[in-house]
Amino acid sequence: MIATFEDAEVIVTPSGSCATMFKDYQHVFQDDPEWRPRAERLADKTYELTEFIVDVLGIEDVGAKLEGIATYHPSCHMTRLLGVKDAPMKLLSHVEGLEMQPLPNAQNCCGFGGTFSVKMGNISEQMVDEKVDSVTETKASYLIGADGGCLMNIGGRMQRRGKPVKVMHIAEVLNSR
Amino acid sequence: MAMKIGNEKFKDNVNKQMEDTFMRGAVAGAQERLRTRRLDAAEELGNWEEWRSHGEEIRQHTLDHLDYYLQELSENLQKRGGHVFFAATAEEANDYVKSIVKEKRAKKILKAKSMVTEEIGLNSVLEQEGCDVIETDLGEYILQLDDHDPPSHIVTPALHKNKEQIKDVFTEKLDYKLTSKPEELALHAREKLRQEFLQADIGITGCNFAIAESGSVGLVTNEGNAGMVSDLPDTQICVMGMERIVPTFEEFEVLVGLLTRSAVGQKLTSYITALTGPRTAEEVDGPSEFHLVIVDNGRSGILGTEFQSVLQCIRCAACINVCPVYRHIGGHSYNSIYPGPIGAVLTPLLGGYDDFKELPYASTLCAACTDACPVKIPLHQLLHRHRQVIVEREGRAPISERMAMKAFGIGASSNPLYAAGSKMASSVMKPFTKDETISKGPGPLKAWTEIRDFPAPNKERFRDWFKQHEKENGKA
Amino acid sequence: MIQNRERFLANVASRLSRTEVLSERPSRNWNYRPQDKTLTDKTQDELVDILRDQCRLIHTELIETDSRGLPEVLAETVDTYGGGPLAIWQDPRYEAFGLREQLEMWPKQGVDVHEWDPSIGHDNIGIVEKANIGITFSDITLAESGTVVLFSGEGKGRTVSLLPHKYIALIPKSTIVPRMTQAAQHISNQVQKGKAIASCINFITGPSNSADIEMNLVVGVHGPVKAAYIVIEDR
Numbered sequence: 006m007i008a009t010f011e012d013a014e015v016i017v018t019p020s021g022s023c024a025t026m027f028k029d030y031q032h033v034f035q036d037d038p039e040w041r042p043r044a045e046r047l048a049d050k051t052y053e054l055t056e057f058i059v060d061v062l063g064i065e066d067v068g069a070k071l072e073g074i075a076t077y078h079p080s081c082h083m084t085r086l087l088g089v090k091d092a093p094m095k096l097l098s099h100v101e102g103l104e105m106q107p108l109p110n111a112q113n114c115c116g117f118g119g120t121f122s123v124k125m126g127n128i129s130e131q132m133v134d135e136k137v138d139s140v141t142e143t144k145a146s147y148l149i150g151a152d153g154g155c156l157m158n159i160g161g162r163m164q165r166r167g168k169p170v171k172v173m174h175i176a177e178v179l180n181s182r
Numbered sequence: 006m007a008m009k010i011g012n013e014k015f016k017d018n019v020n021k022q023m024e025d026t027f028m029r030g031a032v033a034g035a036q037e038r039l040r041t042r043r044l045d046a047a048e049e050l051g052n053w054e055e056w057r058s059h060g061e062e063i064r065q066h067t068l069d070h071l072d073y074y075l076q077e078l079s080e081n082l083q084k085r086g087g088h089v090f091f092a093a094t095a096e097e098a099n100d101y102v103k104s105i106v107k108e109k110r111a112k113k114i115l116k117a118k119s120m121v122t123e124e125i126g127l128n129s130v131l132e133q134e135g136c137d138v139i140e141t142d143l144g145e146y147i148l149q150l151d152d153h154d155p156p157s158h159i160v161t162p163a164l165h166k167n168k169e170q171i172k173d174v175f176t177e178k179l180d181y182k183l184t185s186k187p188e189e190l191a192l193h194a195r196e197k198l199r200q201e202f203l204q205a206d207i208g209i210t211g212c213n214f215a216i217a218e219s220g221s222v223g224l225v226t227n228e229g230n231a232g233m234v235s236d237l238p239d240t241q242i243c244v245m246g247m248e249r250i251v252p253t254f255e256e257f258e259v260l261v262g263l264l265t266r267s268a269v270g271q272k273l274t275s276y277i278t279a280l281t282g283p284r285t286a287e288e289v290d291g292p293s294e295f296h297l298v299i300v301d302n303g304r305s306g307i308l309g310t311e312f313q314s315v316l317q318c319i320r321c322a323a324c325i326n327v328c329p330v331y332r333h334i335g336g337h338s339y340n341s342i343y344p345g346p347i348g349a350v351l352t353p354l355l356g357g358y359d360d361f362k363e364l365p366y367a368s369t370l371c372a373a374c375t376d377a378c379p380v381k382i383p384l385h386q387l388l389h390r391h392r393q394v395i396v397e398r399e400g401r402a403p404i405s406e407r408m409a410m411k412a413f414g415i416g417a418s419s420n421p422l423y424a425a426g427s428k429m430a431s432s433v434m435k436p437f438t439k440d441e442t443i444s445k446g447p448g449p450l451k452a453w454t455e456i457r458d459f460p461a462p463n464k465e466r467f468r469d470w471f472k473q474h475e476k477e478n479g480k481a
Numbered sequence: 014m015i016q017n018r019e020r021f022l023a024n025v026a027s028r029l030s031r032t033e034v035l036s037e038r039p040s041r042n043w044n045y046r047p048q049d050k051t052l053t054d055k056t057q058d059e060l061v062d063i064l065r066d067q068c069r070l071i072h073t074e075l076i077e078t079d080s081r082g083l084p085e086v087l088a089e090t091v092d093t094y095g096g097g098p099l100a101i102w103q104d105p106r107y108e109a110f111g112l113r114e115q116l117e118m119w120p121k122q123g124v125d126v127h128e129w130d131p132s133i134g135h136d137n138i139g140i141v142e143k144a145n146i147g148i149t150f151s152d153i154t155l156a157e158s159g160t161v162v163l164f165s166g167e168g169k170g171r172t173v174s175l176l177p178h179k180y181i182a183l184i185p186k187s188t189i190v191p192r193m194t195q196a197a198q199h200i201s202n203q204v205q206k207g208k209a210i211a212s213c214i215n216f217i218t219g220p221s222n223s224a225d226i227e228m229n230l231v232v233g234v235h236g237p238v239k240a241a242y243i244v245i246e247d248r
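Chains as they are written, first to last, in our numbering: chain A, 6 to 182; chain B, 6 to 481; chain C, 14 to 248.
Do not take every clue at face value.
What the hints assert, rightly or not - Quick list of in silico lysine to aspartate or glutamate cross-link-like pairs, EDC-like style, CA-CA up to 20 Å:
#1 B:Lys168 / C:Glu227
#2 C:Lys208 / B:Glu287
#3 B:Lys14 / B:Asp360
#4 C:Lys143 / B:Glu196
#5 A:Lys124 / B:Asp360
Stated by the list, open to error - Chain A is faced by these chain B residues, among others (derived, beta-carbon under 10 Å):
#6 Asn20
#7 Arg29
#8 His193
#9 Val327
#10 Pro329
#11 Gln386
#12 Arg392
#13 Ile395
#14 Thr442
#15 Ser444
#16 Lys451
#17 Thr454
#18 Glu455
#19 Pro460
For the record, the hints were derived by calculation from the structure and aren't laboratory data.
Note that the Cβ used here is the ideal one computed from N, Cα and C, for glycine as well.
Chain A on its own, in the form it takes in the complex (with noise of 0.2 Å):
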């Protein structure tokens, strides 16, 4: 991952989660001489989508445009790990049209965590259902989030359970004209 991505100006990702792996390889190779400083690079270029819109461009309104009311699920790792929080609730009170609801125990995992999803599927599958539970409650039509697997993780169960609420990744919120 180093090796395919030190080469370019800035890294953006759309995951927090990925921002937190990429900004991990320094402490991975902590004790190596030479993948350490290249690490060390990476991660000070490396950028969450949300973050790098916000924070480096200074950019807070994008001109995007969504009609309805919608919900946001803060990532575990983006929150925490990364400490991005502000960012994506700043750029989607300027969306035109978008009314936000809180999420209730929005600070709860959704269940995903990469392999624990299939390896632990059955506690997953609570964990994600009190999310789709908590989605529900806000009566929002649109569930955004920063980060695919999440995402990818509360949509399914949605969809399984027959919810009609449409998942959005905030990139293609911020996309919406």
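Assemble the complex: chain A is given as a structure, and chains B and C must be docked to it using the hints.
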């Protein structure tokens, strides 16, 4: 009972526990309350991050100099007339306690809640000696009465039981005739245990933190039972995990404040006691003989390794109280007296991967635990590290997982390969796709689609969209 | 007696990459000391306010008085708690705070008072166990948490605050400090000066309680079921 509380497989345990709807409701309710209380207590104190950092540096410093502080502790306690026994194993610790019991010809032994005595299985050893061993913490007392039901939480051990179940236990074992009101149940326990306190030969407590500078043992309770156990019997034995120590009273204060706030959201609990050796010649209450048993039992094997930070733990259970996995499967699923995230890290280290290799996988690595820990143990990282050790060193991960990790490793390691792989994904999945979703997938997808649909890989990739987008805007 | 120490600590030292057990006290250079700025700017009156607020949270009645009013306030509190038998320490502070007369009056009114008596040894415990109310002074009082700190000693039996059904702490206002930090510093200073600290130091915060049954708070488990603090203006 020792650290391991059952022989069932983790999966079977989970399946069984998840059917216990009362337990799950109780755990969810308790988590909600304890989480809120902890956050309020942290908010009220102010500078919480600074307090956590201070807690962390105290614990790290103490562990890095553990040999010095244990030496100092034992010297100072000896000066005050106390006896110190260093036990490398559970057997050594139990044998020492047994020898005191024999010497005193003790029959009735009172205990205050102590995880380390659960870990070494002390109660059953003493019961085999014909002793009457009585737990005095209300939660532990309930579990003991209920034919030694194991604890499911390290702070509130009977969390999994409701008041009706507790009433039934009391009715059956204590000839209790009142209602299931917590007040009435607690009062009944008070009256029963009061008589026991006055007749006990030996009191056994754990140790929240020993204080090296003075040779003291610090105990933290709300019920006042540790006071009873240490004030009334003539002989007292404290059993401590060797890492539960601080340099001076100043650090003791910091950690006690972090512990009580994180565990129950109280500024301090009702009773915090610092005991320094036996009673003095002028005093008439308190023990005439004081023993401290310092237990290793696998802890030194963690020192100096990448897992050392787990020994920072002050047993507050904040990580357990925020863990979404614990919420759904409860404490007994972990098969260890140490459940939740801390248990999933600590248990395999103390008990080995053979019996506990599933525990590090019982986490989404959501890091709620790491966030809650008052002494900043990077719990989710340690869980992840366990998985790496299991995969790399022990080769114990399931084959499918190893294959998937390897394949992604190769595929992601070069730019062209990654590009080709992402291009192929859509066509490979085509046979399983219906209305843009996959509801019955092949291979590893099967487990996924048992629970939820899977979105078909996008026909249009980002890199193609981006090129098209730039073209449209005249930039290509 | 210390047993098995050498082998045990040698192993610990080697795990920490040392060839022998560290014999020099390590210096403790903390990067953080939040306790130095927590409540340290409060006046004595502000600390009483903090203590008063905290007492509401810990199910403890707080009464304020001065030395002159103390006998009456104490007698009233004892009455509300159902009278004797009472258990107290053998402690010159009762007299210093003008309570001698009241202590002599109670037995005449049929209220038994047991003053801790080292000469009768273990019998103290049986008497204290039957007491309705235990009354002690607070040696240090922590405003933030509403805690009384009691040092055990010759006339200061540790069970007086624990075994009776209710507990009353007499708190000279001068004993109030911001929080546990100051008490810990005081004790640590004693240790560093080579003085013997009390064999039992109790930090007591209100009545005993438990939340072990369905997380419901039950006040009064093994220790006292009720507690009152009487703050006495002494400066």
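Hint check:
no., hint, in the structure
1, B:Lys168 / C:Glu227, "holds, 7 Å"
2, C:Lys208 / B:Glu287, "holds, 16 Å"
3, B:Lys14 / B:Asp360, "holds, 9 Å"
4, C:Lys143 / B:Glu196, "holds, 13 Å"
5, A:Lys124 / B:Asp360, "holds, 18 Å"
6, Asn20, "holds, 7 Å"
7, Arg29, "holds, 8 Å"
8, His193, "violated, 36 Å"
9, Val327, "holds, 8 Å"
10, Pro329, "holds, 5 Å"
11, Gln386, "holds, 8 Å"
12, Arg392, "holds, 9 Å"
13, Ile395, "violated, 12 Å"
14, Thr442, "holds, 6 Å"
15, Ser444, "holds, 7 Å"
16, Lys451, "holds, 8 Å"
17, Thr454, "holds, 8 Å"
18, Glu455, "holds, 6 Å"
19, Pro460, "holds, 6 Å"
The structure is inconsistent with the numbered hints 8, 13, although it conforms to all the rest.
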